[in-house]
Amino acid sequence: MTFEKIHSHAVSEWEKLQSSNKPRILVGAGTCGSAAGALDILKAINEELGRQNIEAIVIQVGCMGLCFAEPMVGIVKPGRPQIIYGDLTPKSAIQLVNDYLVNDKPRPDLAMGYIGNGKVDSIPNLFELPVLKPQVRIVLRNCGLIDPENINHYIANGGYSGLVRALKMTPEAIIEEIKKSGLRGRGGAGFSTGQKWDFCRKAPGEEKYIICNADEGDPGAFMNRSLLEGDPHSVLEGMAIGAYTIGANQGYIYCRAEYPLALERLRLALQQMEKYGFIGNNILGSGFSFHIKIKEGAGAFVCGEETALMASIEGKRGMPRARPPFPAISGLWGKPTNINNVETWANAARILQKGGDWYAQYGSEKSKGTKTFALVGKVERTGLIEVPLGITLRQIIYDIGGGILKDKQFKAVQTGGPSGGCLPTSMLDSPVDYESLTAAGSIMGSGGMIVADEDTCMVDLTKYFLTFTQAESCGKCPPCRVGTRQMLGILDRITRGEGKPEDIKQLERIATTVKQGSLCGLGQTAPNPVLTTIRYFRNEYESHINEKRCPALVCKNLISFYILPDKCQGCMICLRNCPTEAITGDKRLVHVINQDKCIKCGTCTDVCPPRFSAIAKVSGEQIEVPLEPVPIKESA
Amino acid sequence: MNALGQGLTKNAFFATLPTWLSKSTESQVPDELAKIAAEYEGEKGALIPVLQKVQGKFGYLSKEAISQIAKFSRMSESEVFGVASFYAQFYFSRRGQHTVKVCLGTACHVRGGERILDEVKRELDVESGGTTKDYKFSLERVACFGSCALAPVVVIDKDVHGRMTVAKAKEILSEY
Chain A
4 MTFEKIHSHA
14 VSEWEKLQSS
24 NKPRILVGAG
34 TCGSAAGALD
44 ILKAINEELG
54 RQNIEAIVIQ
64 VGCMGLCFAE
74 PMVGIVKPGR
84 PQIIYGDLTP
94 KSAIQLVNDY
104 LVNDKPRPDL
114 AMGYIGNGKV
124 DSIPNLFELP
134 VLKPQVRIVL
144 RNCGLIDPEN
154 INHYIANGGY
164 SGLVRALKMT
174 PEAIIEEIKK
184 SGLRGRGGAG
194 FSTGQKWDFC
204 RKAPGEEKYI
214 ICNADEGDPG
224 AFMNRSLLEG
234 DPHSVLEGMA
244 IGAYTIGANQ
254 GYIYCRAEYP
264 LALERLRLAL
274 QQMEKYGFIG
284 NNILGSGFSF
294 HIKIKEGAGA
304 FVCGEETALM
314 ASIEGKRGMP
324 RARPPFPAIS
334 GLWGKPTNIN
344 NVETWANAAR
354 ILQKGGDWYA
364 QYGSEKSKGT
374 KTFALVGKVE
384 RTGLIEVPLG
394 ITLRQIIYDI
404 GGGILKDKQF
414 KAVQTGGPSG
424 GCLPTSMLDS
434 PVDYESLTAA
444 GSIMGSGGMI
454 VADEDTCMVD
464 LTKYFLTFTQ
474 AESCGKCPPC
484 RVGTRQMLGI
494 LDRITRGEGK
504 PEDIKQLERI
514 ATTVKQGSLC
524 GLGQTAPNPV
534 LTTIRYFRNE
544 YESHINEKRC
554 PALVCKNLIS
564 FYILPDKCQG
574 CMICLRNCPT
584 EAITGDKRLV
594 HVINQDKCIK
604 CGTCTDVCPP
614 RFSAIAKVSG
624 EQIEVPLEPV
634 PIKESA
Chain B
64 MNALGQGLTK
74 NAFFATLPTW
84 LSKSTESQVP
94 DELAKIAAEY
104 EGEKGALIPV
114 LQKVQGKFGY
124 LSKEAISQIA
134 KFSRMSESEV
144 FGVASFYAQF
154 YFSRRGQHTV
164 KVCLGTACHV
174 RGGERILDEV
184 KRELDVESGG
194 TTKDYKFSLE
204 RVACFGSCAL
214 APVVVIDKDV
224 HGRMTVAKAK
234 EILSEY
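Residue numbers (this note's numbering), protein chains in the order written: chain A, 4 to 639; chain B, 64 to 239.
Derived by calculation from the structure, the hints in this document are not laboratory data.
We put the beta carbon where it would ideally sit given N, CA and C, even for glycine.
Where hints are given, some of them may not hold.
Below, a sample of chain B positions facing chain A; criterion: calculated Cβ distance under 7 angstroms [what the hints assert, rightly or not]: (1) 146; (2) 151; (3) 158.
With these hints in hand, go ahead and build the complete structure from the sequences.
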């Protein structure tokens, strides 16, 4: 079948769906949507449709990235724009089917916004909402809007036209186009994609490989998962284009085993590609052949590093090796290999569809295009976002993220996962691009963005990252193996209140050594959280070390819980819930916490009725309370 | 964390296994393994997929399984164990009926994941990486499920429980 025929078939299927006289219901059922209850909603809607005898088309789509509003449903009535509803429960979803589909009341109170042409009374345009307005959706353009399990939906929306175009171009011209776009590696290092492809293309050797790095291991990051679940074909199209350019006939996708849905969608997508002749031998009559194999990761963070990843594909321990030789010269099985991140491949496909100049209009001077981020932590609107590079951190956190949860004070934003750094308030107005983030001591990374507020202890957060990198260090090179352990030991001591004044200097010294001496990216970047927190939050280290005090009231050895006698009403709720029976008291007696038994779990604070708020959490001070339960003071 | 990190030295691993396996299951191992190995005949770098398939079939990698895999892949047992123990996914002892995974990704950490883990440890009386004496639960701490928007998260078998609190964690465990 020619591409023209495939394309017109896909378009007619898509248009038939758009102009169908049946209502359409799109349920966001990615991993996070499902975790929030999307499958229960789906079941409830299907049952209600059956009960009401309504014929509707129900489609499971990927994630739109508005995780804070999950579970979400979009409803399209014939001739009307799609209305997106958020925060649904099975009950409200059933009500919605009745109100909108049966009685034609669109329920603006449940709606977030509409998408498409036309207007609906009292419902705003979804893309004009503060959360979406600053965003530019290039790689996420289809997520949540098309059926990820239907290749025709992708084709009808411009999909695979980039591959068709590429197959008619010379590899040199494709590399030129990618260079023109200014695309840089979205795995975090930011190397020019065009140049990388060029190196591998020019490397001597008949047999070459390409790899898609989908081993998204950074804790707090799920951009690649959402893209693979919501629009797998965009990544595969990019890979086919790259393979043709470089001259590789075999590709690998190395994906985390923790992403079962993404793996399932990739497998299905590959079958569909094969059916249409977009993969296999003699692709679309071009004479070019290309095959893709999926490799499941086995749970090792270091395998996100390119040389470790290749060792893992070869069936070995996933340990990195020294470079040079770079993978472009000697990679998988010793052959020239080009490895790119999921998002880079998806961007490459779009660039071939729309042109390098089109792509370069977005972003800043040295960092072109867009980047996806997983915006999580203490922000109001958590989710997956895609923004033009050069946007400021403030715009991301306050405009898109809606500010800090419960109106608390912003403290830091952490970019780049365990390899990145923590940036303070003074950095909020710096632009998000490769150079600025590196200058600030952090990195772009693959796109985790975790917001911390006044209740987050920066020393504890640093200890958390070091616990992670220390456990994941493969142990091959001593700076990383020994250095991460030593840094973790010192941090642990500081958080226990046993820090020494010379610890900060010692930490800095070890961190610099590990950064300079480690073999791979894991070790070279593992000290970043230490160095940035010392640089921006030195006072917190000093409080822990000199005053034995944790200002954020997090570090367990440095905090105490007390029950305030003038507030306690003797209700016995905390007493019953305390896991270690550290609380004594009785009805109408002021309760007392036995400090020796208290494990500082915070349960009493959680359960104490807000109208009493009788639990005080303090650090570095003592509160005078009775030692034994005493009768409560009757209010006058 | 790998098996060695869970306090299991290599010698202890070979000494203690696989006492719980009944004879009948043990004798199935070579047959099943032959089938799995046949699927990957002649494929380069197939060791990890074979280990994954075998664990998928038997729940963990027994000494018997490792020695059979070594034979099929013409490697030494220590090489196979060396690869398997490098990756967090592989287990070398019998697992509990349910696997409780407490997420300690960054988002879960800043939203109180550590407190949830402490509570689960206390409730089940087991350390992370361990299995309860009655083989009902295995407890793991994991580094991110990618459900960060629902932090903190606990996953029991395949059910994701989001927006956890200490009290809720206790309640959910009692449902199993």
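So, going through the hints one by one against the coordinates:
1. At a threshold of 7 angstroms, the smallest CB-CB gap from residue 146 of chain B to chain A is about 5 angstroms, leaving the interface hint in force.
2. A cut of 7 angstroms between beta carbons decides the hint on residue 151 of chain B: the least distance to chain A is about 3 angstroms, and the hint holds.
3. Annotation: residue 158 of chain B was flagged as interfacial toward chain A, and the flag is violated, the nearest CB pair being 15 angstroms apart, outside 7 angstroms.
Checked against the numbered hints above, the structure breaks only hint 3 and satisfies the rest.
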